[in-house]
Structure formats: C-alpha cells, structure tokens
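A.B. asks: The primary structure of each chain is shown beneath.
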Amino acid sequence: MRIALPQSRRTLLLMAVLATLMLLLGFVAVRSGPLAPVKVTVVRIEERAITPALFGIGTVEARFTHRIGPTAPGRVASLSVDVGDRVEAGQVLALIDPVDLDQRIAAASGSAGRSAALEAAAASQVADASARLALARSEAARGEELFRGGWLTRAALDQRQQALAAAQAGLAAAKANQAAASQDRSRTGAERAALQEQKANLRLVAPTAGLIVRRLAETGTTVVAGQAVFEIVDPAQLWINARFDQTRAGGIAAGLPARIVLRSRLETPLRGSILRVEPVADAVTEEVLAKVSLDAGLALPPIGELAEVTIGLPARGRTLALPNAAIHRIGSEVGVWALRDGDLEFVALKLGAEDADGWVQVLDGLARGDQVIRHSARPLTASSRITVVDKLP
Amino acid sequence: MISLAGRDILHGWGKFVLTGMGLGLLIGVTLSMAGVYRGMIDDAQALLDNSGADLWVVQKDTLGPYAEPSSLSEDAERPIRAMAGVDRAAGVTYLTMQIAHQGKDVRVMVVGAEVAQPGEPGQPPHLLAGRRIVQGHYEAVADVKTGFAIGDQVKVRRNTYRIVGLTSRMVSSGGDPMLFLSLKDAQEAQFEKDADAIVRQRARTTSSPMLNPPGNPAVAEAVNAAQASSTNVNAVLVTVAPGADADAVAATIRRWQRVTVYTRAQMEEILVDKMIANSARQIGMFLVILAIVSAAIVAFIIYTMTIGKIREIAVLKLIGTRNRTIAGMILQQALGLGLIGFAVGKIVATFWAPFFPKYVLLLPADSVRGFVAVMAICALVSLLAIHAALKVDPAEAIGG
Chain C
0 MRIALPQSRR TLLLMAVLAT LMLLLGFVAV RSGPLAPVKV TVVRIEERAI TPALFGIGTV
60 EARFTHRIGP TAPGRVASLS VDVGDRVEAG QVLALIDPVD LDQRIAAASG SAGRSAALEA
120 AAASQVADAS ARLALARSEA ARGEELFRGG WLTRAALDQR QQALAAAQAG LAAAKANQAA
180 ASQDRSRTGA ERAALQEQKA NLRLVAPTAG LIVRRLAETG TTVVAGQAVF EIVDPAQLWI
240 NARFDQTRAG GIAAGLPARI VLRSRLETPL RGSILRVEPV ADAVTEEVLA KVSLDAGLAL
300 PPIGELAEVT IGLPARGRTL ALPNAAIHRI GSEVGVWALR DGDLEFVALK LGAEDADGWV
360 QVLDGLARGD QVIRHSARPL TASSRITVVD KLP
Chain G
0 MISLAGRDIL HGWGKFVLTG MGLGLLIGVT LSMAGVYRGM IDDAQALLDN SGADLWVVQK
60 DTLGPYAEPS SLSEDAERPI RAMAGVDRAA GVTYLTMQIA HQGKDVRVMV VGAEVAQPGE
120 PGQPPHLLAG RRIVQGHYEA VADVKTGFAI GDQVKVRRNT YRIVGLTSRM VSSGGDPMLF
180 LSLKDAQEAQ FEKDADAIVR QRARTTSSPM LNPPGNPAVA EAVNAAQASS TNVNAVLVTV
240 APGADADAVA ATIRRWQRVT VYTRAQMEEI LVDKMIANSA RQIGMFLVIL AIVSAAIVAF
300 IIYTMTIGKI REIAVLKLIG TRNRTIAGMI LQQALGLGLI GFAVGKIVAT FWAPFFPKYV
360 LLLPADSVRG FVAVMAICAL VSLLAIHAAL KVDPAEAIGG
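These protein sequence lines are chains C and G, in that order.
Each residue of the first sequence is one higher than the last, beginning at 0 in numbering that gives the first Met the number 0.
Each residue of the second sequence is one higher than the last, beginning at 0 in numbering that gives the first Met the number 0.
By construction, these hints were calculated from the structure, which means they are not laboratory data.
Some hints could be false.
Claimed, not checked - Calculated pairs, PhoX-like style, for lysine-lysine (alpha carbon to alpha carbon, straight line, at most 25 Å): (1) G:Lys316 / G:Lys14; (2) G:Lys103 / G:Lys357; (3) C:Lys38 / C:Lys390; (4) G:Lys390 / C:Lys390; (5) C:Lys38 / G:Lys357; (6) G:Lys308 / G:Lys357.
As the list claims (entries may be wrong) - Derived DEER-like restraints, expressed as beta-carbon distance ranges: (7) G:Arg157 / C:Val82: 41 to 51 Å; (8) G:Arg161 / C:Glu285: 18 to 28 Å; (9) G:Val198 / C:Arg384: 56 to 66 Å; (10) G:Val198 / C:Arg275: 27 to 37 Å; (11) C:Arg30 / G:Arg157: 40 to 50 Å.
The beta carbon of each residue, even a glycine, is placed where N, CA and C say it ideally should be.
Hey, can you work out the whole structure from these sequences and the hints?
C.D. replies: Right under this line is the structure:
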C-alpha cells in the first residue's frame with residue numbers, strides 16, 4: 000500500500016499534466032487560427048434623429064477685388080500707398096509717368112489759340128463783307144432810280160447790279176470762313192481736353208473705400224495696359240469659396256447654416272451661412288462650389304487661408320438608423336450582416352442620408368430592434384462562426 | 000491494466016514530461032517558422048483580397064501599383080466604368096511612408112480610396128472599431144497594427160487627419176499597416192509638393208523669360224497653377240459584373256483604353272512570384288533546414304532515451320519478456336513523446352505568434368502535416384532504438 004500510493008499519485012499527476020496539455024491543445028486548435036470564431040460586436044437598430052452634414056473645404060476670398068491699373072502702357076512715376084493701407088474712394092494711389100503728354104497739351108493749347116485768332120479774323124472778314132454789301136446795295140438802288148429817270152445808261156446799271164451780287168457772294172464766303180474757323184476752334188479745344196483727360200487717367204484713383212492687399216509694381220516699372228498695380232478689397236466683405244464633393248452635395252442650398260474652422264483658429268469655429276451655390280460646378284475636381292458668408296464680428300483672416308466648412312443640412316427627424324461601419328457590399332447589393340436566431344444573414348438595404356457621426360438612415364430592409372453586426376475582427380461570410388463581444392479589439 | 004510503457008514513463012515521469020516539453024519548444028519554433036512563411040504569402044494575398052478588385056488597371060507597361068510606380072489620370076475610371084462587363088471602378092493611390100506619431104515613427108502604407116459609397120473597391124472591407132470615413136477630407140481609418148487609436152490626430156505631409164475607425168489585416172505586401180484616406184486627401188499627400196518646393200518652383204518660373212514673358216504677367220500665374228495641381232491615381236480597381244469573364248473584360252479594357260490590366264491571377268503572380276519571391280524562398284530554405292534539424296534532434300532524443308534504459312531492457316529480456324512487448328514499449332514511448340512535443344509546440348507557437356512584428360499564419364493543414372511528420376519521425380527513429388534494444392545481450396543486466 001505504501002508503495003502503491005505514490006505510484007497512483009504519480010499517475011494522477013501525469014494524467015493531470017497530460018489532460019491540461021490536451022485541453023490547451025484543444026482550446027488552441029478551436030480558438031485560434033482560421034477556424035476560430037470571428038469576434039463581433041452587434042448593434043440594435045433604433046430610431047435616431049439624423050442630421051446630415053456636408054463637409055467641404057475652401058479658401059477665404061474677398062467678395063470684390065478691385066485691380067487698379069492704367070488704361071495705357073506707361074512707367075510708374077510714384078506710388079503713394081502701400082499694402083495694408085486703408086484708402087478712401089477717390090484717393091490717388093499712384094501716378095504714371097506722363098512722358099510727353101504735357102508738351103502735347105501745350106501744343107494743343109497753342110493750336111487752340113491759333114484757331115481762336117483765325118475765328119476772330121473770319122469775323123472781321125464777315126463785317127467787312129457786310130459793309131461792302133451795304134454799299135453795293137445802296138449804289139444799286141440809286142442806280143435804278145437814275146436809270147428810270149434816264150440819267151444813267153443800262154451798262155452802268157448792270158455794273159452796279161453785278162457789284163451787288165459780288166458783295167453778296169463775298170459775305171456768304173466770309174460767313175462760311177467764319178463757321179469753318181469756329182469748327183476748327185472747337186476741334187482743337189476738344190483735342191486739348193482729351194489730352195488733359197488722358198493725363199488725369201494717369202492718376203490711379205481708388206474707386207471705392209477699402210484695404211490695399213497687393214502692390215504689384217514699384218516706381219520705375221513699366222506696366223502694360225490693364226496690368227494691375229494695386230489690389231483693393233473691402234475687408235468687411237469677405238466670403239469663403241468652398242468646395243464640396245459632388246457625390247454628397249445633394250441638398251446643398253443657399254441659406255443653410257455653416258460652421259467654419261479657419262486653419263489658424265482651429266479652436267474657435269465661426270458661424271456663417273451659404274450665400275449662394277454656384278450654378279457651374281468644377282468639372283475637373285468633381286466638386287460643387289458654393290460661397291459661404293461669415294457672420295459679422297470677425298477680425299480679418301488672411302485672404303487665401305484654408306477653411307473647413309461643415310454645412311448642416313435639414314434634419315430628417317427620427318428614423319431607423321445604423322452605424323456605417325455595419326454596411327458592406329456583396330456583389331451589387333449594399334446591406335448588413337443581421338443576426339437572426341444566432342445565424343448570420345446578409346440583408347440588402349435601402350439607405351438614406353448619413354450624418355457626420357456615421358449614422359445612416361435605413362429606408363427599407365430592417366425593422367426596429369433587429370440586431371446587426373457592427374464591427375468584426377475579420378471579414379464575414381454567411382458560414383462564419385461568431386462570438387459576440389462587447390468591444391473590439 | 001497499465002502497460003509496460005506506462006509503467007516505465009511513470010517511473011521517470013518528470014524527466015519524460017520535461018523531455019517532451021523541450022522537444023515541444025523545438026517543434027514550436029518549426030511551426031512558427033512555417034507560420035512566418037505562410038504569413039508572408041498571406042500578406043500579399045491580403046493586399047489583393049482587401050482591395051476588393053477583380054482587375055487592376057495601371058499605367059501602360061508597368062507592373063503597378065504594388066510592384067512598380069504607376070500613374071494614371073483620375074478620370075481614367077470613367078470610360079472603364081462605361082465598358083461592358085464592368086460593375087464598378089474606382090481610382091486608388093498607394094504610398095508607403097513614415098509617419099511620426101507620439102514621438103516615434105510608424106511606417107504605413109497610405110491608401111487613398113473613394114469613400115462616397117460603402118463597399119467601393121479599395122476601401123477596408125471590415126472595421127474593428129469606429130466608423131467609416133464620412134467627411135471628404137481629414138478623416139482616416141487605420142489598421143490596428145499602426146498603434147493608432149480612435150480620436151488620434153496623425154500628420155501626413157501637410158495635413159492632420161483624425162482616426163475615426165480601426166481595421167485589421169490591412170497590410171502592404173511588405174507587411175506595413177495601411178492608413179486609409181479619402182482619395183483627394185491621399186492624392187494631395189502623394190503628389191503635392193511641400194511648401195518650400197512650391198515656393199522655389201515659383202521663383203524658378205518667375206526667373207524664366209519664357210515662362211514669365213515681360214509684358215504678360217498672366218503667363219507665370221497660369222504656369223504656376225498648372226504645376227501645383229495633380230489629379231492622378233496609381234491604379235483603377237475594377238470589379239466585373241456577375242457572370243462576366245474577367246479575362247475578357249481585361250482584354251477589352253487593354254484594347255480600347257490602351258492601358259495595362261492585370262487579373263487577380265496575374266497580380267498574385269506579380270506579388271508572390273516576383274515581389275516577395277526571394278524573401279519567401281529565404282524563409283522557406285530556413286524552414287527546411289529547421290525541419291531537418293528538428294527531426295534529427297527528435298531522433299537523437301528518442302534514441303538516447305532508449306539507450307539510457309538498455310540495462311532495464313536487458314533485465315526485461317532476462318526475465319523472459321517477449322521482444323514484441325519490448326518493441327511496443329519503445330514505440331509507445333516514442334509516440335507519447337512525439338504527442339506531448341507536438342501539443343506543447345502547437346500551444347507555444349499559438350501563444351507567441353501574436354508577438355511577432357509581422358503576421359504569422361498557423362494553418363490547421365500545416366499543423367496536421369506537422370503532426371504526421373512528428374509521428375512518422377518518432378516511429379521511424381523508434382525502429383532504430385528497437386533494433387538496438389533487441390540486440391542487447393540479457394547478460395548485460397548482471398554483467399555490468
């Protein structure tokens with residue numbers, strides 16, 4: 000007996016070791032590797048309020064940018080403002096070198112004076128011709144009376160009448176001369192006015208009050224016609240030119256509220272709203288463009304700064320919803336793995352709007368309280384064995 | 000009734016179990032090595048499985064997108080989508096890069112996939128936690144092996160992305176975990192130059208009289224704008240419609256779009272036979288050597304174990320035990336040792352597999368093969384031991 004006891008104890012020990020080993024082996028064989036059940040988490044379909052949101056990015060832009068430049072080529076003579084200056088409407092910003100414009104104005108003035116003198120000469124000629132005409136007229140009348148009395152020959156009368164006709168023609172010629180001189184005077188006057196206008200145009204003037212944001216040429220630079228020297232914006236009139244992915248942009252409309260995060264102010268989101276949705280989308284980037292206005296009370300952000308814009312679309316009310324992690328596509332059908340009596344079944348669904356937290360509206364295919372697989376440790380198939388756990392991984 | 004082998008094992012059971020465990024650790028190493036080899040192949044397969052594609056459309060005459068760089072314009076998918084037999088097509092970008100995260104570098108493959116609809120080719124097929132990408136920008140889904148957690152902010156090139164979901168087994172053929180971004184974000188990460196490079200490029204453009212002609216300042220602006228934008232993808236992933244023949248669809252795309260198209264089989268060949276061929280063969284060679292060494296060690300252990308008991312065997316023979324009984328005892332012991340060794344090996348291999356940096360795949364079929372091999376070696380070696388035992392002179396029992 001005394002020998003048998005250790006013997007059986009040894010047997011028991013060995014058996015215990017072997018049994019543990021076999022149990023572990025069994026556990027390992029079933030619980031690991033490709034044969035192991037897939038750990039999953041499930042979610043119960045409930046009603047939720049879905050507030051779809053639309054996310055886009057854009058840049059801060061000025062609503063109106065005035066590019067001020069000369070209408071004719073010229074060299075910049077002087078600049079009186081710099082970037083960051085605030086200007087008033089009508090303020091002179093820069094002068095373009097007039098080159099020979101002053102001399103041309105002087106020449107035009109000279110020819111205008113000459114035209115005036117010529118006009119005065121023409122007026123005297125008219126007066127002279129009028130005097131001649133009056134003399135010729137009285138001489139002709141007197142000649143007729145003398146002819147009727149027989150005191151004058153017909154030849155002498157004809158001579159006086161011819162002198163009258165000549166005086167009449169002389170007056171008409173003098174008047175025409177005067178009209179021509181007067182036309183010439185107004186032409187040369189207009190020419191001088193045009194040159195003066197041109198000179199005025201060489202002064203670059205702010206068309207509106209605003210802020211100088213760019214100074215694109217310096218003194219001495221030759222600029223072409225239409226090339227901007229300054230850019231002026233109205234800092235009170237900024238908006239965000241935002242772009243939204245076309246596939247999600249359905250429902251975007253003017254007036255929707257927007258949450259704007261500027262890249263330099265990540266912690267302080269701003270409020271705004273969609274001012275207008277552009278009728279023309281960007282065909283290359285496949286994005287819808289919209290202008291988003293900022294609510295008042297904003298210190299000036301750098302124009303061109305990147306902004307993230309989240310648009311709140313109209314809420315859909317309470318509706319059946321599921322998390323988008325549960326959605327899979329098999330073949331051409333979109334659906335979820337539903338847990339029915341402990342078995343997996345792929346259920347095709349009709350889905351609606353999606354909100355920013357990834358909840359998707361279920362239009363058809365599931366009922367309230369249905370359980371679907373939310374997360375899984377591996378891709379699932381209809382024959383997958385599963386273990387439901389609370390949390391992965 | 001307890002057998003002779005059992006009695007003998009009980010006699011020195013501690014030694015027997017410890018020998019078995021030692022043997023088991025060796026078998027465990029061999030199984031792990033097989034797992035490393037399988038894992039390597041599986042990484043390549045997983046890359047193809049996870050992309051969800053039947054066809055890969057890449058730049059003409061390249062082995063892209065995994066084995067060679069490939070670049071297509073983004074809208075290349077449109078005409079493909081319209082072709083007969085094509086179900087869905089989606090552009091995708093791949094870029095392996097290093098990301099700094101919480102003070103250490105993580106090597107990831109950044110994947111840009113179309114995120115608008117769930118289940119588009121290129122998206123992760125399942126999630127471990129969190130949600131899919133909803134916003135078109137600045138959200139990411141990471142493989143759990145990156146070590147990122149939901150809510151983490153990671154910086155990829157210029158932008159910061161928030162991790163919104165985790166997935167698993169999404170690796171490149173080199174085993175780098177994947178980070179999924181929306182296609183536009185990933186294009187930016189891949190093709191957009193850093194700010195310094197852009198500034199320098201602008202300066203270069205401005206100083207070139209051809210690109211910045213005097214008297215026409217608009218040209219330089221246009222050139223800069225043209226240089227800054229890129230809408231390329233590395234490949235277009237295509238799924239074929241049910242019932243359509245993938246090879247036929249591939250041939251049509253190849254013919255009319257003048258691009259290179261790979262089917263699943265061809266892609267597998269590129270990945271397995273071309274990309275990882277050498278490293279896989281390296282591991283395979285090591286596995287073969289390890290298996291041979293393990294077999295030799297198992298053989299030596301069993302043989303020396305029998306030889307160590309030669310005096311007891313002589314006594315058994317002296318008291319008239321039949322040869323069959325002795326042979327049975329040795330065989331049973333050898334098989335028992337093999338069984339314990341295999342069990343321990345399988346268990347330890349399973350438990351230490353997750354700690355390997357790369358994926359270790361322990362296939363049940365490999366385990367079965369390993370089991371058969373262990374048992375066969377044990378049986379074979381025990382024949383040698385039996386031969387030695389039967390040759391022993393019973394006189395040795397009293398002679399020594």
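A.B. asks: Taking the hints in turn, state whether each one holds.
C.D. replies: Each hint, compared with the structure:
1. G:Lys316 / G:Lys14: Roughly 24 Å separates the two Cα atoms, so the pair holds.
2. G:Lys103 / G:Lys357: Answer holds: G:Lys103 to G:Lys357 is near 18 Å, not above 25 Å.
3. C:Lys38 / C:Lys390: Holds, because 9 Å separates the two Cα atoms, which is no more than 25 Å.
4. G:Lys390 / C:Lys390: Roughly 64 Å separates the two Cα atoms, so the pair is violated.
5. C:Lys38 / G:Lys357: At roughly 21 Å apart (the allowed maximum being 25 Å), G:Lys357 and C:Lys38 satisfy the hint.
6. G:Lys308 / G:Lys357: At roughly 44 Å apart (the allowed maximum being 25 Å), G:Lys357 and G:Lys308 break the hint.
7. G:Arg157 / C:Val82: 41 to 51 Å: 26 Å, violated
8. G:Arg161 / C:Glu285: 18 to 28 Å: Hint holds: Cβ distance 24 Å, inside 18 to 28 Å.
9. G:Val198 / C:Arg384: 56 to 66 Å: Holds: the Cβ-Cβ distance is about 58 Å, inside 56 to 66 Å.
10. G:Val198 / C:Arg275: 27 to 37 Å: 34 Å, holds
11. C:Arg30 / G:Arg157: 40 to 50 Å: Given about 45 Å between the Cβ atoms, the range holds.
In summary, the structure is inconsistent with hints 4, 6 and 7 from the numbered list given earlier, while agreeing with the others.
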